[in-house]
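Knowing the structure of chain E, use the given hints to seat chain Y on it.
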Amino acid sequence: MNQIYTAISTLVLLCATPVYAQLDSLQQLETVVLTDVRLTTFSDGYKLQAVSDSIISKNNSLTDLLRDNTSIYFKENGYGMVSSPSFRGTNASQTAVIWNGIAINSALTGQSDFNALPVNAYNSITVRSGGGSVQYGSGAIGGSVHLNNELQFIEQRDTEIGLSCGSYTTPAAYFKSSVLGRAVSVVVGGSFISSENDYDYIDRKMKNENGEFLRFNANASVGFKLKQHLITWNSEYFYGDRSFSGSLTAPSNSAYNDISTRNLLRWRLEGNRFASTFKLAHLMEQYRYFPNRDRYAFNKGLANSYIAGYVFDYKAGKNIELSFDANFTRIEGSGDNLDHNARNNLAGIFLLKHRLTKKLSYGLNLRQELLNDFENPFLFSFDALLEVNKWYALKINGSKNYRTPSFNDLFWTDGGNPNLEPETSFQGEFGNVIKFGKLQLDLNAFYIASENLIQWRPNTSGVWSPENVSEAQNYGLEVSINYTRKFRSHALNFSSNYAYTKAINSEKNTQQIYVPFHKATGTISYAYKKLVLFVQSRYTGEVYTTTDNIGVVAASHIINSGIDYTFNQADIPITIAIKANNIFNTYYENVAYRPMPDRNFETSINIKF
Amino acid sequence: MNILKKLSYLLIVVVLIASCKDDDDNADQQMQPLGDYEHGILITNEGPFGSGTGTVSFISNDLSTEVSSVFNIENGSDLGNIVNSMGFNEEFGYIVVNNSHKISVVNRYTFEELAIIDTGLNNPRHFVAVGDTGYVSNWGDPNVSTDDYIAVIDLLTNTITSNIPVVLGPERMVTTNNKVYVAHQGAYGQNNQISVIDATTNAVLNQITIGDVPNSMVLNGTDLWVLCGGSPSFTGAETGGSLYRINTSDNTLLTSLDFQDIEHPGLLSVDGTSLYYALNGGVFKMDMSDSTLPSNSIITGFFYAMIAKNGMLYATDAGDFASNGTLTLFDLLTNTEVDSFTVGIIPGGIYFNE
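Protein chains in written order, with full-length UniProt numbering: chain E, 1 to 609; chain Y, 1 to 354.
Honestly, the hints are just simulated from the structure, not real lab data. Virtual Cβ for every residue (Gly too), placed ideally from N, Cα, C. Hints are supplied without guarantee of correctness; some may be wrong.
Listed next, with one range per pair, are the computed distances between beta-carbon atoms [what the hints assert, rightly or not]:
#	chain 1	residue 1	chain 2	residue 2	range
1	E	Ile-574	Y	Asp-118	49 to 57 Å
2	Y	Ile-298	E	His-340	39 to 47 Å
3	Y	Ser-233	E	Val-184	19 to 27 Å
4	E	Asn-509	Y	Ser-64	52 to 60 Å
5	Y	Val-67	E	Glu-332	25 to 33 Å
6	E	Asn-419	Y	Asp-118	38 to 46 Å
7	Y	Phe-49	E	Glu-332	28 to 36 Å
8	Y	Ser-233	E	Met-206	36 to 44 Å
Same shape as in the complex, but just chain E (with noise of 0.2 Å):
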């Protein structure tokens, strides 16, 4: 009975939903723990990709865990600088990132910078194709990440704590303390990553000067439940001190640093048939951009977010799940480019699902904005999940979506355009999940047509100013394997992603810069009693640099490997590993001019207890 309770109280508490939310049966690989709503209940059509966690404690880097196991393609400026997504050929400001359920792109940049998020602080990561701009506002056009924190009701306790040293004298340490409890549950975690990061150039006489970095992160989760009530508060701080690096045709002295802290406040109470969440949100980054690092001078920017949202969750029988989601975002923004500048948004959300069949649900989910200083868009999405039988199912979706100019775009002081509209796209997906015993095989083709795309150009004063002039279609196949095999005490896996895209600049029909028509991705690990042993390999193909497709990155094939081992101290499993990157000392890039690091090496430690 006991267990019983503790599952179930688990479930409700990890899906934040009333006890009828499922994890999709169709997630991708295992270890699927998801602590957003719309995530589990309605996102049915959609393609979603759960990174494992054991896949996410391999890892130093955001940039690194996606790059190897998605399509994603990251505009990465030399190793552990500024990397900005493109997500089925969209820009670096159309891959939303949602922590806890929150949109935290940069209010100045609308972007995400991937080597300024802490990648082991979660213990989910989600990545979510399509668009998603009805649930998760603006950004999410060719998908978003999903980066959340878990807490259990369930006594346990336990602590783990992992310590790496790789090549480029760069020591790594991480912990998560967890103590565990029916009522009360606290997580504390915090990792640290610092690198000279002076990587030789392959074939050149060269090093990678000024570039080093240094990340620091410190989190906790805690939940109290009482009867129906459940109070939860994540916390996150982040610190990334970072050096510009050079270029293969420019020196760099400049130097950033960063700072960035999230609050999430929810309080919970379940009904029969009825759950009802009030939330309070507080995000705050701020930069500092030395342009000579050698002198104590610099230019800032910040930004506070104020959030504060009610949603209703409502079963309106046995199939129709409702959702209604009221927020309210004020962000206030200052710099020494930026003046001081507010916005307000209110948004109204309602979601339904509708479970028309055993084998067909469906979703209609919209959105209408209010207080904008633009026009106030009203978005829409549908999408249907068909299970046509065990081994086949059929999903598709169709959005209108859009990115809102940033504060950079509104108000750099230097040419920014106040009278700027979002950008805003129209899109379908069509996907197919098929599946051969231990085999999953997801097949989606996708179109996105965005309009009034914002793009920094000089205006007739000669004044580099934004503008909403540039249309894109995109469209594209993606493949995803992964398959799983079980005997005695030998493991195997296999995971694979394969995209194809189009991105097409309708101006001028070329393909967008930075965009690769081909990427794929695969891992093989084998398992042997304590015995781990993978094979990473990334192909990335050409990438052009200049919006006439003449300058290109080429393509590259680049393998990893490692093998980690497990053994009991005095009943203390002990983990033992070695990374080796790029093995066959490959040179590549992934923006002109700035290579990425020669064969490097990783060892590490983890303990837990």
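Frame of chain E, contents of chain Y only:
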């Protein structure tokens, strides 16, 4: 191709030997081209901002031959990031690479790299020469207004011999009468000064205050025409452009004409007795003797660089600044387009190899 090259060297040697035999027969030797890039237009292309390399494009005077990335072809290496400009002295070309903080010294006709000057430069912008001395405007750290200088180069050794400290934002320079006139456009900020440097003592002789943001200069006899763009609106203290005429014999201001407060002209050029400049997506023409500014443009287009020469306007368009630009030639009698060529990314400098 290589064989052809070797054969042509052989031919040159044969010709040289043959010419040694008969001292009177020098004419043949002089007819030999000085290099593949003699008699043509050179365009310096800044290259993509942030990372990557700038390039130099060549178009022959008869417009029949186009070569892109001339430097890379001849030397097998990249020039560097942000090729800002090029200066000349005798048979040498001095390619100024702003963000790589260097100057590549080439033979201006063959583009063979002869030397690299990369110590002592900090955000170099432009190069001029007086005799065997080169002058390079340097911003220094663009966020510091007090470290700007003109580097003085001994062109026989290609080394920097001294620095002349100057006020904020030295940019374009012209030389006349053993003096160097430096326009202080203002780097990332704004300035309103012309420095006059004595090329014998390398000291600043004079400081002339003119309009805000002097962005281009041309010399006509002893008259120095300076076009000022004015301060842009985002500064909160917007000023309109202005056109100044300075007498270089005594460094006095002769005349000045003011544009409207929101007009920001640039790209001043001279051909015959006419001045040309760009403003608000048009090219304007006026006679040096005019006492008012023209009200109508003669050619429309947004140009990134432009020069009028012998009845022809050479103008570059940087397009979206992320792809190859174009060079367009206009006949200034009819103001119509004559021809157009694809050049490199962000074509910022137009030069003539006579």
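Here is what the structure says about each hint:
no.: 1; hint: E:Ile-574 - Y:Asp-118: 49 to 57 Å; in the structure: holds, 52 Å
no.: 2; hint: Y:Ile-298 - E:His-340: 39 to 47 Å; in the structure: holds, 45 Å
no.: 3; hint: Y:Ser-233 - E:Val-184: 19 to 27 Å; in the structure: violated, 58 Å
no.: 4; hint: E:Asn-509 - Y:Ser-64: 52 to 60 Å; in the structure: violated, 30 Å
no.: 5; hint: Y:Val-67 - E:Glu-332: 25 to 33 Å; in the structure: violated, 54 Å
no.: 6; hint: E:Asn-419 - Y:Asp-118: 38 to 46 Å; in the structure: holds, 45 Å
no.: 7; hint: Y:Phe-49 - E:Glu-332: 28 to 36 Å; in the structure: holds, 31 Å
no.: 8; hint: Y:Ser-233 - E:Met-206: 36 to 44 Å; in the structure: holds, 42 Å
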